[in-house]
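K.L.:
What follows is the residue order along each chain.
There are 2 protein chains.
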Amino acid sequence: VLGREYPDETCSISRSLEIVGERWTMLILRDALLGLSAFEEFRESLGIATNVLTARLKLLCGEGLLVRVHDGEASQRSHYLLTEKGREMGPVLFALMKWGDRHYPTQHGAPRLTLHAGCGGEVVQSLHCLACGERVTLEGLDLPLAPAFAHQPAD
Amino acid sequence: VLGREYPDETCSISRSLEIVGERWTMLILRDALLGLSAFEEFRESLGIATNVLTARLKLLCGEGLLVRVHDGEASQRSHYLLTEKGREMGPVLFALMKWGDRHYPTQHGAPRLTLHAGCGGEVVQSLHCLACGERVTLEGLDLPLAPAFAHQPAD
Chain A
1 VLGREYPDET CSISRSLEIV GERWTMLILR DALLGLSAFE EFRESLGIAT NVLTARLKLL
61 CGEGLLVRVH DGEASQRSHY LLTEKGREMG PVLFALMKWG DRHYPTQHGA PRLTLHAGCG
121 GEVVQSLHCL ACGERVTLEG LDLPLAPAFA HQPAD
Chain B
1001 VLGREYPDET CSISRSLEIV GERWTMLILR DALLGLSAFE EFRESLGIAT NVLTARLKLL
1061 CGEGLLVRVH DGEASQRSHY LLTEKGREMG PVLFALMKWG DRHYPTQHGA PRLTLHAGCG
1121 GEVVQSLHCL ACGERVTLEG LDLPLAPAFA HQPAD
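First to last, the sequence lines map onto chains A and B.
1 is the number of the first residue of the first sequence in the working numbering; add one for each residue after it.
1001 is the number of the first residue of the second sequence in the working numbering; add one for each residue after it.
Take these hints with a grain of salt, some might be off.
As the list claims (entries may be wrong) - Facing chain B, a subset of chain A residues (Cβ under 10 Å, in silico):
1) Leu33
2) Glu88
3) Gly118
4) Glu122
5) Gly133
6) Leu143
Honestly, the hints are just simulated from the structure, not real lab data.
Yeah, the Cβ is synthetic: ideal placement off N, Cα and C, and Gly gets one too.
This is chain A alone, in the form it adopts within the complex:
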């Protein structure tokens, strides 16, 4: 997508960033998660040039993060809706938001709250172990190469 190959191509972070590693792409996904869907809504929210927005929406549709839905035969308008793949970028954007809230707050603090629709409590993101159930910190996280990668050259 970015028009070149990257050396550590077996890395999933690298592969993800080939698709979403561009500021506008992330911000379009943010807006879609917040409920925007019309071309004009994205354009006004982002202050983005029309041709750039068109290109990014095309990329996101082509990669299956958004799907373009026509409003009907009588209308030339269409909406861009998140697919499950697109919605699964939610944890990435949640983590970016919390990091920004913490390290680059506005003078009025964090712009948005993250609340549980069920009870109104504060929602946080964490790592935990599926086997023992413990919460895991980065220090307690091992990232070994998978067996298929540890015993043969990367493809």
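Following the hints, position chain B against chain A.
P.N.:
Below, chain B without anything else, positioned relative to chain A:
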């Protein structure tokens, strides 16, 4: 950092992306979280041009995600170590890795495992509510503007 202002400047995602919203920057942080610290280590891992790597490391040091440590008076070498602020990008990279594992796997599957150093179990990332303790899905997440932003124009 990217040399311009963005319209939705009150958004923490947007603010974060002004610092880390660039592919190489994310990949340097990934390598640092995996334990690399020397200039040559980053250069070899990333296949990045020396001048680009120098610029990105300078940015990351300037913003306080990395700190440059000289190896001693007898050496001209130095290492780049993650600060707490830099380490706190871990959840962003974890989420990007899992999204890439799921949607852009290699022919051999996910390159790295995420294991609990304590018991060897699989580590996953999730959202949960601090009040009721429930796991929260994106559908159960409310993102209202904070009071300071709901009642006055964004600055």
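K.L.:
Please list, smallest to largest, the hint numbers that this structure does not respect.
P.N.:
none
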